[in-house]
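Peer 1: Could you build the full structure based on these sequences and the hints that come with them?
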Amino acid sequence: MKKLALYTLLMASLCTSCDLDINENPNYPSNEQMTPDLIFPSVEAGIAAAVGGEIHNYAGYFAQYYEQNPEQSQYIEISQYMFNESSQLMDYSYRIIYAGALMDAQEVLEKSTNPADRFATTVLRAYVLQVMVDNTNEAPYSEALKGNSVSNPKWDNGEDVYKGVLAEMDAAEAALTDNASMDSQDLIFNRDMKQWKGLANALRLRMYLRFIDAGVDAATYTEKVKTLVAENNFFTGDAAFTGFADETSKRNPWYETNAVNTPGNQCAAYPIVAYYQANNDPRIAYAINKNKKEGKYLGQIPGGRTKSDDNNGSDTWKNENVSAINYQHSDGNGATQPFYLFTQAELQFLIAEVNLRFLNDEGKAQNAYNAGVTADFEARSMSGQEAGILALWDNATSTNDKLHLVYMQKWAALFCMDHMEAWSEIRRTDCPNITTVSQLDIFKGNSSYVPGDLIEPWINGLGNGLVKRMTYPLSARMYNVNTPKAVPVSTPVWWDKN
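Going by my numbering, the sequence shown opens with residue 1, and the numbers climb by one from there.
Derived by calculation from the structure, the hints in this document are not laboratory data. Being a predicted model, the structure only gives us computed values, none of them experimental. Ideal placement from N, C-alpha and C gives every residue a C-beta, glycine not left out. One should not assume that every hint holds.
Stated by the list, open to error - Straight-line Cα separation of at most 20 Å, EDC-like style, residue types lysine to aspartate or glutamate; simulated pairs:
| no. | residue 1 | residue 2 |
| --- | --- | --- |
| 1 | K224 | E159 |
| 2 | K485 | D160 |
| 3 | K468 | D91 |
| 4 | K194 | D37 |
| 5 | K364 | E223 |
| 6 | K154 | E85 |
| 7 | K444 | D310 |
| 8 | K194 | D170 |
| 9 | K364 | E386 |
| 10 | K364 | D394 |
| 11 | K111 | D186 |
| 12 | K226 | D170 |
| 13 | K485 | E85 |
| 14 | K307 | E77 |
| 15 | K296 | D315 |
| 16 | K224 | D361 |
| 17 | K224 | E173 |
| 18 | K497 | E159 |
| 19 | K485 | D91 |
| 20 | K146 | E110 |
| 21 | K111 | E173 |
| 22 | K290 | E320 |
| 23 | K444 | E320 |
| 24 | K194 | E168 |
| 25 | K296 | D281 |
| 26 | K197 | E231 |
| 27 | K293 | E71 |
| 28 | K444 | E294 |
| 29 | K224 | D160 |
| 30 | K197 | E173 |
Said to hold, decoys possible - Derived DEER-like restraints, expressed as beta-carbon distance ranges:
| no. | residue 1 | residue 2 | range |
| --- | --- | --- | --- |
| 31 | A486 | T113 | 38 to 48 Å |
| 32 | A175 | A391 | 40 to 50 Å |
| 33 | G465 | K485 | 18 to 28 Å |
| 34 | A278 | S398 | 16 to 26 Å |
| 35 | L176 | T220 | 21 to 31 Å |
| 36 | A175 | S249 | 35 to 45 Å |
| 37 | N179 | N84 | 49 to 59 Å |
| 38 | D394 | L176 | 42 to 52 Å |
| 39 | S249 | A486 | 30 to 40 Å |
Peer 2: See the structure below:
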């Protein structure tokens, strides 16, 4: 209850503090009146609202987890890749990240003398700037958050931002004393410094792998990932923001938007349904319903809302034809689901990858694979149902097959948990593959389609291919003359070299 009360205060103040024209709210204290220990949880809340809401939503389309329902049109621009800067898909998140979370983080770093609070704040800062880069390739960084002294901060290139935040984490961790403890309220790790150090190492692992696959000083970063995995000083459980309640404006932000405010807009996408079905994976029932027409699981072809109707003979393609998303989830906890910064499942799959690619240790890779699968089933309240997915390891005979399985199961495990990282990992690993089978052949049941392969949208505003980045926020374009020129969203971010 104490967590919920704090979260309610934070979200109320967050909503009033992130407008471009910031006004004082007489009901809540301003940052000038607040001590760093009370500002810190607003950093956490701001990140949860931005990355766990709007960004989580559109990334789920790009990861091909869900699609626009046949009889609704709320997200048709995203589904068919018809959006541009004027669509403002991430403007709200951009505003919360910079005018909210990062500004609050700057307050903590300027006011706090506690090295533990400063370290945890630096880790959160690194996380959210990584997310910004993974969306837009560049991000305001070196000149950002300087107030009126720099009103038009430059957008630093993504590689420099990655290197910068990694150096910040290293310096903040080096400043910690052996008995350092947090003063701040903490809705992620409850002030557990071992967990915060573990999250920092997990973020390093994630970012180092992107340097390697981008071909940037690959030998150095390969040694770094090998050392991280060998030392195994990572967080336990999930790195997650908790404190949501099934009450108005207190729910998980993705749930609040799609289950309460604009319900009925999303159905399951064909690739994730096909992959779950091919493996008899019980997780299909976690957030996907059987369709109402036939009582079976059926995903919609990406960007296929209109074309499915055109090619469905005399029958109209309706919501009843496809599997709806169950936002409440099979465990009934959709409204209060935590916001995941980093799941244990993703962490273990990254460890499995390092063991396969760089340490040549299939035994440890299998242990990590098993731990990743088990962690995901546990997070979904489905423990004990994972035997069939664990057994897939033995069916993968070569190292490349095992690596492909690790990538695919990471994708399967991030559904409903962390759509942003699912989209990023698709771009880094090129897995799932993109099918060469036509949308019409898949719709008609062509057997050559490999379950789980991604499908280029049937109606595709890009012409062909998949989305590789997000547009720059329109609000940035309007208020910062140094915002980079617009580029097609088919243009890869700096680390996407595959």
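Peer 1: Run every hint past the structure and note whether it holds.
Peer 2: Structure-based check of all given hints:
Among the hinted pairs, K224 with E159 is consistent with the structure: their alpha-carbon atoms are about 17 Å apart, no more than 20 Å. A C-alpha spacing of about 19 Å is found between K485 and D160, which places the hinted pair at or below 20 Å, so the restraint holds. Straight-line distance between C-alpha atoms of K468 and D91 comes to about 18 Å, which keeps the hinted pair within the 20 Å bound. Among the hinted pairs, K194 with D37 is consistent with the structure: their alpha-carbon atoms are about 19 Å apart, no more than 20 Å.
As the CA atoms of K364 and E223 are separated by approximately 17 Å, the hinted pair is consistent with the 20 Å bound. A threshold of 20 Å between alpha carbons decides the hint, and for K154 with E85 the separation of about 19 Å falls inside it, so the pair holds. Note on K444 and D310: the hinted pairing holds, with a Cα-Cα distance of about 12 Å set against a maximum of 20 Å. For the given pair, K194 sits about 15 Å from D170 by alpha-carbon distance, which is consistent with the 20 Å threshold.
Using a Cα cut-off of 20 Å, the hinted pair K364 and E386 holds, with the two alpha carbons roughly 19 Å apart. This hinted pair checks out: K364 and D394 have alpha carbons roughly 14 Å apart, not beyond 20 Å. For the suggested pair K111 and D186, the alpha carbons sit about 17 Å apart, so the restraint of at most 20 Å is met. Taking the CA atoms of K226 and D170, the gap is near 18 Å; set against the 20 Å cutoff, the hint holds.
A distance of roughly 11 Å separates the Cα atoms of K485 and E85; the hinted pair therefore holds under the 20 Å criterion. Using a Cα cut-off of 20 Å, the hinted pair K307 and E77 holds, with the two alpha carbons roughly 15 Å apart. Taken as a hint, the K296 and D315 pair is honoured in the structure, with Cα atoms around 18 Å apart against an allowance of 20 Å. With a CA separation close to 17 Å, the supplied pair K224 and D361 stays within the 20 Å bound.
In summary, the hint linking K224 to E173 is supported, as the alpha carbons are separated by about 16 Å, within the 20 Å threshold. For the given pair, K497 sits about 13 Å from E159 by alpha-carbon distance, which is consistent with the 20 Å threshold. Proximity of K485 to D91 is assessed by CA-CA distance (about 16 Å); at most 20 Å being required, the pair is judged to hold. The suggested pairing of K146 with E110 holds, with an alpha-carbon distance near 12 Å, which does not exceed 20 Å.
Between the alpha carbons of K111 and E173 the distance comes to roughly 18 Å, so the proposed pair stays at or under 20 Å and holds. For the hint linking K290 to E320, the alpha-carbon distance of about 9 Å falls within 20 Å, and the restraint holds. Of the supplied pair hints, the one linking K444 and E320 holds, its CA atoms being roughly 18 Å apart against a limit of 20 Å. Between K194 and E168, the direct Cα distance comes to roughly 18 Å. Compliance with the 20 Å bound is thereby established for this hinted pair.
For the hint linking K296 to D281, the alpha-carbon distance of about 14 Å falls within 20 Å, and the restraint holds. Of the pairs offered as hints, the one joining K197 and E231 holds, with about 13 Å between alpha carbons and a cut-off of 20 Å not exceeded. For the proposed pair K293 and E71, the alpha carbon gap of about 14 Å is at most 20 Å, so the pair holds. For the hint pairing K444 with E294, the CA-to-CA distance comes to about 16 Å; that is within 20 Å, so the pair holds.
For the suggested pair K224 and D160, the alpha carbons sit about 18 Å apart, so the restraint of at most 20 Å is met. This hinted pair checks out: K197 and E173 have alpha carbons roughly 8 Å apart, not beyond 20 Å. For A486 and T113, the hinted distance range of 38 to 48 Å is satisfied, since their beta carbons lie about 43 Å from each other. The beta-carbon spacing between A175 and A391, approximately 47 Å, falls within the hinted interval of 40 to 50 Å.
A C-beta distance of roughly 21 Å is found between G465 and K485, which places it inside the suggested range of 18 to 28 Å. The hinted range of 16 to 26 Å is satisfied by A278 and S398, whose Cβ atoms lie roughly 19 Å apart. The given range of 21 to 31 Å is respected by L176 and T220, whose C-beta atoms sit roughly 24 Å from each other. One distance hint, 35 to 45 Å for the beta-carbon pair A175 and S249, holds here, with the actual separation near 37 Å.
Remark: the range hint 49 to 59 Å for N179 to N84 is upheld by a beta-carbon distance near 53 Å. Between D394 and L176 the Cβ separation comes to about 43 Å, which falls inside the hinted range of 42 to 52 Å. The beta-carbon spacing between S249 and A486, approximately 34 Å, falls within the hinted interval of 30 to 40 Å.
Every hint from the earlier list agrees with this structure, and none is contradicted.
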